[in-house]
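K.L.:
Got chain A; can you put chains B, C and D on it based on the hints?
Protein chains in written order, with the numbering used here: chain A, 5 to 142; chain B, 1394 to 1681; chain C, 172 to 820; chain D, 554 to 944.
Mixed in with the good hints there might be a few duds.
[To be verified] So, partial list: chain A residues that the calculated Cβ filter (under 10 Å) puts toward chain C:
(1) Leu32
(2) Phe53
(3) Ala62
(4) His76
(5) Gln128
(6) Leu132
(7) Ser141
[As the list claims (entries may be wrong)] Derived DSS-like pairs: lysine-lysine, alpha-carbon spacing no greater than 30 Å straight-line:
(8) B:Lys1648 to A:Lys137
(9) B:Lys1678 to D:Lys578
(10) D:Lys624 to C:Lys564
(11) D:Lys871 to C:Lys564
(12) A:Lys139 to C:Lys287
(13) D:Lys624 to C:Lys518
(14) B:Lys1426 to A:Lys139
(15) B:Lys1678 to A:Lys117
(16) B:Lys1469 to C:Lys776
(17) B:Lys1490 to C:Lys775
(18) C:Lys378 to C:Lys564
(19) A:Lys130 to B:Lys1566
(20) B:Lys1595 to C:Lys518
(21) B:Lys1399 to A:Lys139
(22) B:Lys1595 to C:Lys775
(23) D:Lys871 to C:Lys650
(24) C:Lys212 to C:Lys231
(25) C:Lys775 to B:Lys1579
(26) B:Lys1579 to B:Lys1645
(27) B:Lys1557 to A:Lys130
(28) C:Lys287 to A:Lys137
(29) B:Lys1404 to A:Lys139
(30) B:Lys1595 to C:Lys776
(31) C:Lys541 to C:Lys586
(32) B:Lys1565 to A:Lys139
(33) C:Lys694 to D:Lys577
(34) B:Lys1678 to D:Lys816
(35) B:Lys1404 to B:Lys1507
(36) B:Lys1570 to A:Lys139
(37) D:Lys577 to C:Lys518
(38) A:Lys130 to B:Lys1565
(39) A:Lys139 to B:Lys1406
(40) C:Lys684 to A:Lys117
Derived by calculation from the structure, the hints in this document are not laboratory data.
Being a predicted model, the structure only gives us computed values, none of them experimental.
Quick reminder that beta carbons are idealized off the backbone N, C-alpha and C, glycines included.
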Amino acid sequence: MSFEPKILGIACNWCTYTGADLAGTTRLQYPQNLRVVRVMCSSRINPSFIFRAFQLGADGVLIGGCHPGDCHYNTGNLYARRRLAVTKKILEFSGLEPGRFRVEWISASEGNKFAEVVTEFTAQIKSLGPQTKFKISQ
Amino acid sequence: MTISFKQIEEKLKTEAKRLLESGQASVVLAYGKGYDEKHPMPYVARNPSDVANIVFNEYCNYNMARYLVRYPAGTKIAVAVKAADSRAVIQLIQEEKVKREDLVLLGIPVYGMKNPKTQEIIDGKTTGGLYNPVLYDILLGDEVHGQAIQSPYDVLAAYELMDKEARFAFWKKEFDKCIRCYACRKACPMCYCDPCFIDQNKPKWGDKSPQSHGNLMYHLTRFHHLAGRCIDCGECSRACPVDIPLYLFHKKVAKECEEMFGQAAGMSIEDKPALVNFRVDDSDKILE
Amino acid sequence: MSRIGVFVCHCGLNIAKTVRVSELAEFAATLPDVVVAKDYKFMCSTPGQEMIVNDIKQHKLDRIIVTACSPLMHEQTFRKVLTASGLNQYLLTIVNIREQVSWVTHDIEEGTAKAKALLNGAVYRSRLLVPLTSRVIDVNPNVMVVGGGIAGIQAALELANTGKKVYLVEKNSTIGGHMAQFDKTFPTLDCSACILTPKMDAVLQHKNITMMTSCEVSEVKGFVGNFDITVRQKARYVDHSKCNACLACTEKCPGKGISEWDESLVKRKAIYIPFPQAVPQKPIIDKESCTFFKKGKCRLCEKACEQKAIDFEQQDTFVQVKVGAVILATGFDLMDTKPLVQYGYGKYPGVYNALEVERLFNSAGPTGGKVTLRDGSEPKSIAILHCIGSRDKNNHEHCSRVCCMYSLKFAHLFKEKTSADVYHFYIDMRAAGKGYEEFYNRIIEEDVKFIRGKGARVAQSADEPGRLVVEAEDTITGKFIKLPVDMVVLSPAIVPRADARDIARLFNLSTDKQGFFMERHPKLAPLSTMSEGIFIAGVCQSPKDIPDTVAQAYGAAAEALTIVVRDKMELEATTAMVNPASCCGCQNCVRVCPYGAPSYNAEKKVSEINEALCKGCGLCASVCPSSAIIARHFTNDQVLAEMEGLMEF
Amino acid sequence: MSQAVTPYLEMSQAIMEAGGEALKKCYQCGTCTGTCPWTPITHFNIRKLVRYGQLGLDGIEEFMWGCSTCKFCVDRCPRGVEIIDVVTAIRNVYSGGGMLPQSLRSFVGSMSARGNPWSGDQAKRNDWAKEKYPLYSADKEYLFWTCCTVCYDPRNVRLAKATAEILNQSGLSWGLPSVDVNCCGESLKKVGDLELFERLKSNNLDCFKSQGVAKIITVSPHCLSSFKKDYGEDYEILHFAELIAKLMKEGKLTPKKDFGGVKVTYHDPCYLGRHSGVYDAPRDVLKAIPGLDFVEMERSREQSMCCGGGGGGLWMEKMKGERLSDLRIEEALATGAKILATSCPYCITMFEDSVRTLNADDQIQIKDVTELVLESLEINIDEPVADTCAL
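Only chain A is shown next, with the shape it has when bound in the complex (with noise of 0.2 Å):
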């Protein structure tokens, strides 16, 4: 059997969750390995959610907010930018692989765009195989 990944997401309730909800009702088809978090802000994104979530064993995790400049908090995402920026440098530099963790601006009528970005990191973590480095084996 091939590989299916686990990818955790994280999304934030006013753009790419209802961006994700747009490519639903619009029927876009994309991997079913996603499951999503819903979060008010992609600044509420703690870091440690994400060393967790790869410590739960998932192979890849990608984070989605609202555009710069488009936060319905005005300006969470600016800082979710930087923060979310330096959890990827830490990971990296632990010796994850860079590719497992991502970040994207989908609005809320970007629909098309949460499939192509959800279906394109799917294929990619598919490529780099089970994560195993922070998993937590039984």
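P.N.:
The following block gives chains B, C and D in isolation, referenced to the frame of chain A:
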């Protein structure tokens, strides 16, 4: 030019005495004798008579800024600061943990400080590449000039070149050694949370016993908490009983932060800590 | 131990087609703390809801999971079901297996597997949910309307008629807005002044409306139900409480300023009212053109004023206004077309923008309603260029929506008032509105020429000095047209007010890509914003015509009323709070909060959050190093548990 | 004749796959056609070309060669359609089917056989230099990239020499490429031969790499644009006009000769201006030369008119009355200028041709900015120069 540690010690004593006598400071944070010359101790002088106990030598690595947050607001504190230590003070001022006007900074321009465990000279490794304090009120000696400037990030080169498998193996080995004594956060001037996130029960971020996954969670999160704040004094690594080179990871994060946000920690009291700040024109490239 | 009920919806075949719903319900029953698991055709229908109510009672359920469509769709519906059954509404969890599962796959295996994982995450999260209490606050019954154009006027009148007190803030010295500049309105061609001025007068006369002209909002504090707004009253140099509007002063004034009202086509006095039907009818002094302010001598107006109303010493003052809700109706600007050098606006006197032409048509305008060029002659040939700066990646991507129709109106008025040939250069003709297509037909019959091709360039004629040549391709014949004309009318993009972003910042609104105010939801909440209690109406939200603007004004008034009609109101409970025992006093939360909700208590050395200001974004919780901040309903342990559940399958 | 057609979407798809992706964005407003300098004087219709491409209609071959890739339409297009990419893709798809016009066949043939468009002997590429100037080696700072046109075209050889002399004067360390290089391929790409273009490009890149080239000076804006857009990001590329302006600013070059008030105007080459955004440098240079009375033409800078030489136009025959260069000369004459300066060998070739056919060669001279600088430095390179008409 060579550094006369004795001369610095004398000046430290003189200034400490003057400040305590005049009431300009009610405590002086400096160094005192330990069980041998290689192991001086952090020392707090409260009375002019205490000043005789003050010492300074090449093993006085402690970052005395660590102790500033222990005193009630408004306490007038004089503190001996080397280059990295002064950056810690600046960072604490940025974070509004201490007020500039409550402090007298006794700046120590110095090089050739040594790690008592290894006898290794720490210049360029854990001094942020600086010899002179960034901020001071009184300078105990002449500014150091002409000493080779070393980039604080040079020591990273070998680790950056490692492929990700080797780097993961390296850090896994290091983090697996951790016995969770928390000496690193005790020694760190910027770790003033009480309780620390890892001590929380709700939520439980990671296992509290020394297991690999809890260790990983503790260290990676701590690196994030210190991102844009770590001033490269190296105290975490010297405090570590199992010799985890934490300073390397902190340095890497500091380097990335400096490149991404154009600001190094503790260089100006006008700055805002980089991770609770943003610029509208921060590039999305930083996420790539 | 909690007692969870899981209710799986088929949504007809919408879900059931690609998720095996009964298998999902059987799976749910095996999960920890799940007491009941059922599937049903339409969970949101009355029988579906009743099923949940009955099960809550029968099985003493204390957590409900509805596995159905997006929470953005029916969360409120099911929350009400919980409330009706005596359960706290925050104990509901929605699992989105329609928009994010069944609709995005054709494979029933994949769909069922993903739905299971999502449901498992929801069960884990659900176990950690806690009841939350909405906060109740007193509501100030007054409303502020910002912007005195047709939208603001209409909204103010509606609210005032219900007995609410309204503050109408306008930055100009008169209300009326752009609509008061027009002569006729499309498609009915009724006279703009005839329908607008009675409304302006009604505002003036209304006992419940405080009209604040020459005023700007300078600070906004507080929150829904209790806004505390500072308004800057700009110095008018005329004491309006003394002025009796005799306007003797304006006759004597020697000063000359450029008439903003007439789009700089003519001059006006330095002490003036912008146009004869202005409301209020009381003048202001323009410092820039006033002889006394420039030279220190004159004071002719002062001498002419029997009421002693002239006050050269007057300063800006600040007025505090307390209201429960705010309507923003700040309108639009026209794009400055000077940078589009190919059209020669500002370079050739024969090139006009749309608002200038509106003034030329207006009988109270600079030419008394006669269409004449700047040299006084009547144009014999006129080109109207559509989409100047609109629908244009290099300028503004949006369609400005009303230009097609007002351009048609221009053509009609040109035909009526001159004997000129009129040409339209257009890309697409957009006439979607009641009576609009009919109007288009009428204009075609008036023998206006339509050239399907965007105007590419306006140049000076080489053969006939003083005339202009419009160059474009007629894409229908594929021919290159060089059309000599006397007058070119540009229909420029409608853009947000130059200060729209400042206003957005003041009221904590987002703006869209173009800079128009962002509505809460493009379809279901077009007049509300992300800031509770702040509503928007008219073109400040996006370009629209007068009927739509007025409809929005009514709507926004009703929206505002839903707040101020109540004495007390409930706020969303999903705010953040500080656990003082864990707070390390780092003040990160204070530094980052866009709403100023957290503050530092220096005495206790901990941060505190004013929940009335908190919008629940959770930023503070993620920057809190010691995990002392609890983002209610999205707490760290709730998110971690959900993640754990999601990753298990 | 029936007017019935069926859209042939496979063709449209082929165009998109050849790099004309942008064509689907077009909403046919005609801004491009209204802007295109060819529309008033020829039957070429750029909008229709895109339209035919969108539907994959037959008959596209009739007018696909009209575009000189001046980029005016691209800058004005409200949809942001990269029209030049569309043109290139269409030419690529169709010329693959052997539909090259006669006049371009020798051009492409020479490129393929000799690596330059002028049927020049590759071994003689540097013959113009008569071994007076250094060859590039790794220790040199700048590679002076001699465009094929300045190597082989007798009129433009003057430009090559002027550049080399000024480089010598400036004290920079520089050298010429060896004869192994070939044409940058810019015009070849625009006539649609993407495959041959890739071959030329990879040969040039190999030469650059083997010699350690980092900084390149070009005299032709076409090479400039090609290197910048298609040759990757490893090179620092400067047009010579930019370098002269910089050297003059730094005081390393000081013009001496006073021209005594002669009126000069400047033509913005499309590839230096709109394609590369360089407008000020050549003007700064002209204004710094003593005694030149600089005047602008009505259409200048971003609004500048095309000479017709881009996109393969230099090698195509155009009827009288259908030549942009003729119109441009008339515009220059209207300013009263005695010198029409420019900074592109293609423009020079086109204009030299036009002044002759218009019998205006006694009224206005065509000069490269570089040549004027050389003259003001009072360096004489005069040798008998062959007549351009002999080409």
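K.L.:
State for each hint whether it applies.
P.N.:
Structure-based check of all given hints:
1. Interface restraint check for Leu32 (chain A): the shortest CB-CB distance to chain C comes to about 6 Å, inside 10 Å, so the restraint holds.
2. Contact between Phe53 (chain A) and chain C, as hinted, is supported at the beta carbon level, the nearest pair being about 6 Å apart and thus within 10 Å.
3. Interface restraint check for Ala62 (chain A): the shortest CB-CB distance to chain C comes to about 6 Å, inside 10 Å, so the restraint holds.
4. Checking His76 (chain A) against chain C by beta carbon gives a least distance of about 5 Å; that is within 10 Å, so the hint holds.
5. Interface restraint check for Gln128 (chain A): the shortest CB-CB distance to chain C comes to about 19 Å, outside 10 Å, so the restraint is violated.
6. The restraint placing Leu132 (chain A) at the interface with chain C is violated, with a minimum CB-CB distance near 17 Å, outside the 10 Å limit.
7. Among the interface hints, the one on Ser141 (chain A) is violated; its C-beta lies about 14 Å from the nearest C-beta in chain C, farther than the 10 Å criterion.
8. Between Lys1648 (chain B) and Lys137 (chain A), the direct Cα distance comes to roughly 24 Å. Compliance with the 30 Å bound is thereby established for this hinted pair.
9. Among the hinted pairs, Lys1678 (chain B) with Lys578 (chain D) is consistent with the structure: their alpha-carbon atoms are about 27 Å apart, no more than 30 Å.
10. Only pairs whose Cα atoms come within 30 Å are accepted, and Lys624 (chain D) paired with Lys564 (chain C) is accepted, the gap being roughly 16 Å.
11. Our distance criterion of 30 Å between C-alpha atoms is broken by Lys871 (chain D) and Lys564 (chain C), whose separation comes to about 34 Å.
12. A threshold of 30 Å between alpha carbons decides the hint, and for Lys139 (chain A) with Lys287 (chain C) the separation of about 21 Å falls inside it, so the pair holds.
13. In summary, the hint linking Lys624 (chain D) to Lys518 (chain C) is supported, as the alpha carbons are separated by about 25 Å, within the 30 Å threshold.
14. Of the supplied pair hints, the one linking Lys1426 (chain B) and Lys139 (chain A) is violated, its CA atoms being roughly 47 Å apart against a limit of 30 Å.
15. Straight-line distance between C-alpha atoms of Lys1678 (chain B) and Lys117 (chain A) comes to about 18 Å, which keeps the hinted pair within the 30 Å bound.
16. Of the pairs offered as hints, the one joining Lys1469 (chain B) and Lys776 (chain C) holds, with about 19 Å between alpha carbons and a cut-off of 30 Å not exceeded.
17. For a cut-off of 30 Å, the pair hint linking Lys1490 (chain B) to Lys775 (chain C) stands: about 14 Å separates their Cα positions.
18. A C-alpha spacing of about 48 Å is found between Lys378 (chain C) and Lys564 (chain C), which places the hinted pair above 30 Å, so the restraint is violated.
19. About 27 Å separates the Cα atoms of Lys130 (chain A) and Lys1566 (chain B), which keeps this hinted pair within 30 Å; it holds.
20. Between the alpha carbons of Lys1595 (chain B) and Lys518 (chain C) the distance comes to roughly 69 Å, so the proposed pair goes past 30 Å and is violated.
21. Straight-line distance between C-alpha atoms of Lys1399 (chain B) and Lys139 (chain A) comes to about 53 Å, which puts the hinted pair past the 30 Å bound.
22. Using a Cα cut-off of 30 Å, the hinted pair Lys1595 (chain B) and Lys775 (chain C) holds, with the two alpha carbons roughly 23 Å apart.
23. For a cut-off of 30 Å, the pair hint linking Lys871 (chain D) to Lys650 (chain C) stands: about 21 Å separates their Cα positions.
24. Taking the CA atoms of Lys212 (chain C) and Lys231 (chain C), the gap is near 23 Å; set against the 30 Å cutoff, the hint holds.
25. With a C-alpha separation of about 23 Å, the suggested pair Lys775 (chain C) and Lys1579 (chain B) falls inside the 30 Å cut-off, and the hint holds.
26. Pair hint Lys1579 (chain B) plus Lys1645 (chain B) holds up; C-alpha atoms about 21 Å apart against a cutoff of 30 Å.
27. The straight-line distance between the Cα atoms of Lys1557 (chain B) and Lys130 (chain A) is roughly 18 Å, inside the 30 Å bound, and the hint therefore holds.
28. Using a Cα cut-off of 30 Å, the hinted pair Lys287 (chain C) and Lys137 (chain A) holds, with the two alpha carbons roughly 26 Å apart.
29. Note on Lys1404 (chain B) and Lys139 (chain A): the hinted pairing is violated, with a Cα-Cα distance of about 55 Å set against a maximum of 30 Å.
30. Between the alpha carbons of Lys1595 (chain B) and Lys776 (chain C) the distance comes to roughly 22 Å, so the proposed pair stays at or under 30 Å and holds.
31. At roughly 12 Å between alpha-carbon atoms, Lys541 (chain C) and Lys586 (chain C) fall within 30 Å of each other, so this suggested pair holds.
32. Straight-line distance between C-alpha atoms of Lys1565 (chain B) and Lys139 (chain A) comes to about 13 Å, which keeps the hinted pair within the 30 Å bound.
33. Between the alpha carbons of Lys694 (chain C) and Lys577 (chain D) the distance comes to roughly 29 Å, so the proposed pair stays at or under 30 Å and holds.
34. Note on Lys1678 (chain B) and Lys816 (chain D): the hinted pairing is violated, with a Cα-Cα distance of about 49 Å set against a maximum of 30 Å.
35. Distance check on the hinted pair: Lys1404 (chain B) and Lys1507 (chain B) sit about 21 Å apart at the alpha-carbon level, within 30 Å; holds.
36. The suggested pairing of Lys1570 (chain B) with Lys139 (chain A) holds, with an alpha-carbon distance near 18 Å, which does not exceed 30 Å.
37. As the CA atoms of Lys577 (chain D) and Lys518 (chain C) are separated by approximately 36 Å, the hinted pair breaks the 30 Å bound.
38. In summary, the hint linking Lys130 (chain A) to Lys1565 (chain B) is supported, as the alpha carbons are separated by about 24 Å, within the 30 Å threshold.
39. Restraint check for Lys139 (chain A) and Lys1406 (chain B): not satisfied, since their Cα atoms lie roughly 54 Å apart, outside the 30 Å limit.
40. Restraint check: the Cα-Cα separation between Lys684 (chain C) and Lys117 (chain A) comes to about 17 Å, which is no more than 30 Å; the hinted pair holds.
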